[in-house]
Amino acid sequence: MKTYRLLISGLVQGVGFRYFVYRKAKKFGITGYVRNTEDGRVEIYASGPEDSLLNFIEIVSRGPVYADVRAFEKEELPYMPFSAFEIRL
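Letter by letter, the sequence shown follows residues 1 to 89 in UniProt numbering.
The hints are all genuine.
Simulated crosslink set (DSS-like; lysine-lysine; CA at most 30 Å straight-line):
#, residue 1, residue 2
1, K74, K27
2, K74, K24
3, K2, K74
4, K26, K74
5, K2, K24
6, K26, K2
7, K2, K27
No wet-lab data here; the hints were simulated from the structure.
Using the sequences and the hints given, assemble the complete structure.
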């Protein structure tokens, strides 16, 4: 089990990005959360099996159809167990 912190920049707020991430997390069995940051990025904490995380990260790094991802940062963290995946405000 692993945990990653992802920061996604570009046109990523107001385009359904958090809900897109939430749906993909549910599909791949990922726990953690997604939130908008004050500086206009989307931040994701994602925990789960490495193979599921890699598939999840590949998809969310592109974002939903109306997003325009300009930058993507990935940082591995010590494993953080979350009980579910949620959208935070």
